[in-house]
Amino acid sequence: MATEVTMPQMGESIAEGTITKWLKKPGDPVERDEPLFEISTDKVDAEIPSPASGTLTEIVVNEGETVEVKTVVAKIAEGDEASGGGGSETPAPEAESAAEDKPAESAPEPAAEAPAPEPSKSESSKPASAPAASGNGGTATREERVQTKSSPLVRKIASEHGVDITQIEGSGVHGRVTKDDIMAHIEGGGTQTQTAPAPQKQQQEQAQQTSAPAPTAASGPTATAGERDRVEPMTRMRQVIAERMVHSVQTSPHVHTYYEIDMKRVADIRKKTKDAFLQRTGGAKLTYTVFMMKAVIDNLAKHPAINASISGTDIIYHDYVNLGMAVALDGGLMVPVINDAQDLSMVGLAKQITDKATRARDKKLGPDELQGSTFTITNPGSFGSLMGDPVINQPNVAILGMGKIEDRVVAIDGAIAIRPRMYVTLGYDHRLIDGATAEKFLSGIKETLENFDETAL
Amino acid sequence: MANAEYDLIVIGAGPGGYTGAIRAAQLGLDTAVVEMDSRLGGTCLLRGCIPTKAMLHSADLVSELATAKIAGIEVADWKIDFAQVMKNKADVVDKNAKGVEYLFKKNKITTEKGRGKLIDRNTVEVTQDGESRTIKARKGVILAMGSKPTEIPVFPVDGKRIITSDHILDLEKLPKSLVVLGAGAVGTEFASIFARFGVETTLVEMLPHVLPIEDVDCSKELERSLKKDGIKVRTGTKLSKADVEPRGVELTLEKDGKEEVLKTDVLLVAVGRSPMTKDCGLQEAGVRMHERGYVLVDDFMRTSVEGVYAIGDIVPTPALAHCASAESIVAAEHVAGHDTHPVNYKTVPNATYCRPEVASVGMTEQAAKDEGYDVEVGKFPWAASGKARIKHQTGGFIKIVRDKKYDEILGIHIIGPAATDLISEAAALIHLECTNEELSRIVHAHPTLAEGMLEASHAAAGHPIAF
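Same order as they appear, the protein sequences are chains D and U.
Here the first sequence is numbered in the working numbering, starting from 1 and rising by one per residue.
Here the second sequence is numbered in the working numbering, starting from 1001 and rising by one per residue.
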């Protein structure tokens, strides 16, 4: 009868171990509880005793290899059966166990005790139940590893996203990959997951607040609250913003470029037409943002790379403009999306802006109104800022920031003039967009606004 | 007197404290529990879960008697013997408290009688009858002092006319009328008990629905059912005045600016529970506090003081016995240096043992929508269940909330017979991240109440089978 020797579980959170040294060679006689091999795991290095007496017939996992707990690493044949082919005469024992000074004794012993050993009774009951995958006898199959490390939900998510679960570090019991783990993996948060830490290591660290920690780029100094500090949990919205911002900065190499635009023509047109416009919209104002949106939509059509997304090594070009607009809220912001903005007139755009901004503030937007943008506009200028470096709203590849419009002294045709001017920033993803493309797009915006076609109204 | 020294000191012998103490002892720690009450068990065992459920059992028998005749069993004459109800309750409590004593003995846990106060990470002061002694902890201290009923200063509790859940458990005779302020689990259960004992009962809740933390469908269903049982339910209603008079309390209720005056024998204030962290030396020892007297802890229940842990009703997590026990085991294992895993708060079930019972785990439909999930709901009405029909308890339903995108089961909400037992399957499903489809392929025995879960999953997938 053969006993399969398996990688033992050296602690509840240990999922695998590395064989550092075999103390016996195939053909060697071994006694039950005699050291058989040495392993190294995350937590301990240990000498593993043989679960049975007999002859080591096969080493399945070699030194240096890392395998899952319960994987069969060797086989021991018991009693005479082992040495069926001239066991007592095997050449190895003498040389190998010479140092142990009782080579002669150990060899015959198994035979003498032949009736006694009952393999499954060996101190650990685990090995007996382990080798469920009888046939191949080797390491656990991929399928088994997936099964042991996942849940129905995780497997479903993995299949939809084509993710290999075995590559994800799990934070669940026994390293199980949880929904949070796989979502973090898919969202590009990398593989840093929170596993049950060894208490000893943790004890020195300062206690932090309950609830999932907000995502941070990497491990760095952590804040701890003192007596005069006030601790409040992040709102859900704050957590989402934190997650998305970190993700965006980690995903896209941001470059920012700035243009200054003369807004005189737009200001003149606006002044002249805004009252009539207000009547046409039934209450939605002709703001500078409406002009900017119009200019952006027109120029995105000419520069498809700006109105695109990246998927792995593919570029997805959008032949429509779903325009995201950042709306500041108490304690956060949202980016409602105007779908198919290319089909809307300026009246339509103005109505949409008013409607979405109002409902964003009243928290009445549906989830589908907050996703699917292809490009985003933000207007920090409305608070007075001259220019800023906005973070890209993923999966967009660019974002346009509007600065405050103010009268500035400029030289026009050799004369000094006072004109309403605005700085415009384009933040773009250098993976896809190069400087030249960005410049062409922004200069197109400048051209459109400075020579605004009144008939567009 | 020589100071006693232990590996671990647990302050408080409630369901949190005693569970952690036993786990620690199993892991080889020499453990002591400090308890100021003469009996072990804390709120749950002495003044909460156990005595109330004993009384609810009596009330449920009243409900069963109502259907007994239909089922062919005629009971000629029956009455409510309230003194015996209370004696039965006291006996159940006593036996359970002795059970904890036995467990302590079996696990060689020392009980240090007295009130515990944290001095530093290694020292606890125990005061009994005015005398103080200090005991030492080599490895850790677990704070598990628990909570007490929250009182409202404008309606001072006198223990006679204005009472808390602590007092109502010691009533000697049934009042004629009872007004319960607060329709959370505690208030609703007492209303459900006393109404069935024939007490004229009114349930007052400031929020728009009873059981405000539950899915609104369950709340509405329960409200209908409570009213059918003769309970006056006043939701969206504020208690603005309570004048104690010689023969009762005169209450002024306010709803939408309109006032209603109500006289009652007794007003039960059931508006929540407050952590018992005052005068326990926490701030002095450097334990960082959260708001409103709660202790700040991390995932492993560690406070800001190394070696000092806090669990249960004194930390800002659900104030439920089963949550406290789970937290306490994490803390005990952590102290012992044993592998452990943080409590999964997403799968802590809520349970209210009124009739019909209400229980839930995971997200309500509204919460799931607010989180941005693409939600689909499946509901299985008990009226379509053979087993519920047999038991003559066909009110209510099982409701599954699932995410359409990945088919994740986000929440399960049950109102009806055995809801509080059935919810454990739901908790397991969510804890193990089951999809709705996999649930629909788990074979459930027939005829059972539990198979309702299967039917609800078919409904959530859009193709109900049995109704």
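A few of these clues could be false.
Once the Cα atoms are required to be at most 30 Å apart in a straight line, the calculated DSBU-like pairs of lysine-lysine come out as [what the hints assert, rightly or not]:
#1 U/1079 x D/179
#2 D/363 x U/1079
#3 U/1079 x U/1258
#4 D/364 x U/1176
#5 D/363 x U/1176
#6 U/1232 x D/179
#7 U/1232 x D/363
#8 U/1258 x U/1232
#9 D/364 x U/1369
#10 U/1238 x U/1079
Label pairs and their in silico Cβ distance ranges [unchecked claim]:
#11 U/1344 x D/383: 38 to 48 Å
#12 D/228 x U/1344: 56 to 66 Å
#13 D/285 x U/1421: 51 to 61 Å
#14 D/162 x U/1284: 25 to 35 Å
#15 U/1241 x D/406: 37 to 47 Å
#16 U/1384 x D/233: 34 to 44 Å
#17 D/362 x U/1367: 33 to 43 Å
Beyond 10 Å from chain U on every Cβ pair, some chain D residues (computed) [to be verified]:
#18 154
#19 160
#20 227
#21 236
#22 238
#23 370
#24 391
#25 407
#26 439
Just so you know, the hints here were simulated from the structure itself, not pulled from any lab data.
No experiment lies behind these values; they were computed from the predicted model shown.
Yeah, the Cβ is synthetic: ideal placement off N, Cα and C, and Gly gets one too.
Now for the hints, and whether the structure bears them out:
Note on residue 1079 of chain U and residue 179 of chain D: the hinted pairing is violated, with a Cα-Cα distance of about 54 Å set against a maximum of 30 Å. Of the supplied pair hints, the one linking residue 363 of chain D and residue 1079 of chain U is violated, its CA atoms being roughly 55 Å apart against a limit of 30 Å. Taking the CA atoms of residue 1079 of chain U and residue 1258 of chain U, the gap is near 39 Å; set against the 30 Å cutoff, the hint is violated. Restraint check for residue 364 of chain D and residue 1176 of chain U: not satisfied, since their Cα atoms lie roughly 47 Å apart, outside the 30 Å limit.
A hinted pair counts as satisfied when its Cα atoms are at most 30 Å apart, and residue 363 of chain D with residue 1176 of chain U does not qualify at roughly 47 Å. At most 30 Å may separate the alpha-carbon atoms for a hinted pair to count; residue 1232 of chain U and residue 179 of chain D exceed this at roughly 44 Å. Between residue 1232 of chain U and residue 363 of chain D, the direct Cα distance comes to roughly 35 Å. Violation of the 30 Å bound is thereby established for this hinted pair. As the CA atoms of residue 1258 of chain U and residue 1232 of chain U are separated by approximately 17 Å, the hinted pair is consistent with the 30 Å bound.
Of the supplied pair hints, the one linking residue 364 of chain D and residue 1369 of chain U holds, its CA atoms being roughly 12 Å apart against a limit of 30 Å. Between residue 1238 of chain U and residue 1079 of chain U the CA atoms are separated by roughly 35 Å; this puts the pair beyond 30 Å, and the hint is violated. Look at residue 1344 of chain U against residue 383 of chain D: about 42 Å separates their beta carbons, and that is inside 38 to 48 Å. Range check, residue 228 of chain D to residue 1344 of chain U: Cβ separation about 34 Å, and the 56 to 66 Å hint is violated.
Checking the proposed 51 to 61 Å range against residue 285 of chain D and residue 1421 of chain U shows it holds: the Cβ atoms sit about 60 Å from each other. The beta-carbon spacing between residue 162 of chain D and residue 1284 of chain U, approximately 56 Å, falls outside the hinted interval of 25 to 35 Å. The hinted window of 37 to 47 Å between residue 1241 of chain U and residue 406 of chain D is violated, with their beta carbons roughly 59 Å apart. Distance hint check: the CB atoms of residue 1384 of chain U and residue 233 of chain D are about 42 Å apart, consistent with the given range 34 to 44 Å.
Between residue 362 of chain D and residue 1367 of chain U the beta carbon distance is about 19 Å. The supplied range of 33 to 43 Å is therefore violated. The Cβ of residue 154 of chain D does not lie farther than 10 Å from every Cβ of chain U; its closest approach is about 6 Å, which violates its non-interface assignment. The Cβ of residue 160 of chain D does not lie farther than 10 Å from every Cβ of chain U; its closest approach is about 7 Å, which violates its non-interface assignment. Residue-level check failed: residue 227 of chain D sits 8 Å from the nearest beta carbon of chain U, not beyond 10 Å.
Once the 10 Å rule is applied to beta carbons, residue 236 of chain D is inconsistent with being away from chain U; the minimum gap is 7 Å. Non-interface call for residue 238 of chain D relative to chain U: holds, since the shortest CB-CB distance, roughly 14 Å, exceeds 10 Å. For residue 370 of chain D, the requirement that its beta carbon stay farther than 10 Å from each beta carbon of chain U is not met, with the minimum near 8 Å. Interface exclusion of residue 391 of chain D from chain U stands, the closest Cβ pair being 20 Å apart, more than 10 Å.
Residue 407 of chain D, annotated as away from the interface, keeps every beta carbon of chain U farther than 10 Å; the closest lies near 43 Å. In this structure residue 439 of chain D is separated from chain U by more than 10 Å, as the shortest Cβ-Cβ distance comes to about 37 Å.
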